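Novice: The residues making up each chain are set out below.
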Amino acid sequence: MQFGRADLERPVHGGISLSELKTLGLQAEEVIDFSANINPLGVSPIVKKAVTELDVASYPDPECQELRQALAQNTGVATENIVVGNGSTELVHLVSRACLVDGGCAVVLTPTFGEYELACHLVGVAPVLMWARDVDSFCWNVADICQKLTKIKPQLVFICNPNNPTGLYLDKDAVRQIARATAPGVLVIDEAYLPFVEKPWDSTSLLKMDNVILLHSMTKDHALAGLRLGYALARTELIDRLKLCQPSWSVNIAAQVAGLAALADQEHVTRARKMVAEAKAYLYAALLELGLRALPSSANFMLIKVGKAETVRFKLLQRGLCVRDCASFGLPQYIRVAVRSLPECRRLVAGLKEVCCG
Amino acid sequence: MVRWYLVRHGRTELNRDNRVQGHSQTLLDEEGLTQAGKLRDRLAEETFTAAFSSDLARAQQTAQTILGNRRITLTVSPDLREFDYGLWNNLTLAELKDKYSDEMSRMMNVCDFAPPGGESLTQLLERTGRFLAQVKERMTEGNLLVVCHGGSLRGLVVHLLGLPSANFWSLQVDLASLSIVDVYPNRAVLVLFNDVSHLRHMP
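Just so you know, the protein sequences line up as chains A and B, in that order.
For the first sequence, my numbering assigns the number 868 to the initial residue and increments by one for each residue that follows.
For the second sequence, my numbering assigns the number -19 to the initial residue and increments by one for each residue that follows.
The following block holds chain A by itself, in its conformation from the complex (with noise of 0.2 angstroms):
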């Protein structure tokens, strides 16, 4: 008996081991967690006091209504194009489910986050993956990928916009190009990090476009990692075949309560917003400063050629920072970081000095 594909793996993903930490004698309290990507500010308290009030003997309810008219409030789109979703990741799997075949063809634009590709291996599709290239600044080359996609014709495309890890954030024109080359195939934007993009375009009116799915995660800009949670727009036609491969109370009421009151609380990823670009700029100065090479990053973290990644991430965590080695998007000379407070950014930059300029 044949238990699915024995060849696939898990894709790796940022974040604190605590194993590994036990090994260096380390305490998770001592470490700075620049691995992941969520929001400086934690937990706003509006947040934080929703859910210590939670009645959680009940179901929560399948259909998260409440928090779609609240979502659709928020976003412009109605409530019958969106789907709540237990982390933007669940979605990734439930559109490859929806949109794909066994047998057909899906595209994803490389570097980039590694659950797009296991959710296509999982219904049975080894995604053809478009790189953008080091030499390039891992920009892509458009107006070839278009070209690609109008011959392959594709069931499925995925773009994260901004991209993880590289921070390119593609301007409207060229995600519409990108749209109509993969018409009628189905292209999902993943806008997980867009809350941290100091001037973003609006990508709701590419739902007219009608093969357009975007995907916006709650965990990072509000802090909910712990919660799972985030949605997608798109379609009415779309939404309903997501929902149709979606297990029923996916949603927990955790998370649905909490979604609710970051909603309302706003001006906490504002300010967010505003210290990571202060941050950032003081992050990217001060590695340029060391003779680092930083990409430029339009999201709250940033893509630094360290050499031998592996090591660096090792000799950082023995001083009680954790980055991101980017050996499993295929750069193993890169770390990510996420961008903190400007405190814990004068840590890392300090760490980096010690492990890479000494």
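Quick caveat, the hints were computed from the structure, so don't treat them as lab data.
According to the in silico footprint, chain A covers these stretches of chain B (three or more CB under 8 angstroms from chain A):
1) 78 to 84
2) 89 to 99
3) 138 to 152
Covered stretches of chain A, going by a simulated chain B footprint (3 or more residues, C-beta under 8 angstroms):
4) 996 to 1007
5) 1159 to 1171
In this text the structure is predicted, and so the values were computed from the model without any measurement.
Think of the CB as a built atom: it goes at the ideal place given N, C-alpha and C, for glycine as much as any other residue.
Place chain B on chain A using the hints.
Specialist: Below, chain B without anything else, positioned relative to chain A:
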């Protein structure tokens, strides 16, 4: 029909040294003054109904030289300024490539990308588009002189011809060059582009 005469300013010392100028206030150097004179000779026979210039000195100086003693007001507009390169201003191209190659590559690939402290292509296109709309509203006939910069001139051409924004980087505009676009109510026609034949006999 309105005939647009689009001119890039003459050389400055920063141009001579291959430095990025952006919004820096610079004046024409000796060669720049000669170039402006050649432009004046080239356009001596033309009658202009209106004349516009960027408010940066190097463009105004070029425009005034071309206009000579014509009785026409030169209207200056900050919307016609050069690309604002922020922290990159005054750096040489070699320094830029050495220090900011990733940022330059992002800038040429992403219309919304702005260099540190500077503006994005989207922003430049926004202001050149605003200038264009204002002029189009006022003028339906005549010859128009516009003196500006490499960036803003390319922005105007992209708008006038309705090119995709990304084509901005596919246009080359040399110092003291002349380009001509005829603008009809429903169409614009590129008549001449980046012509520097008037500079041919310069040392």
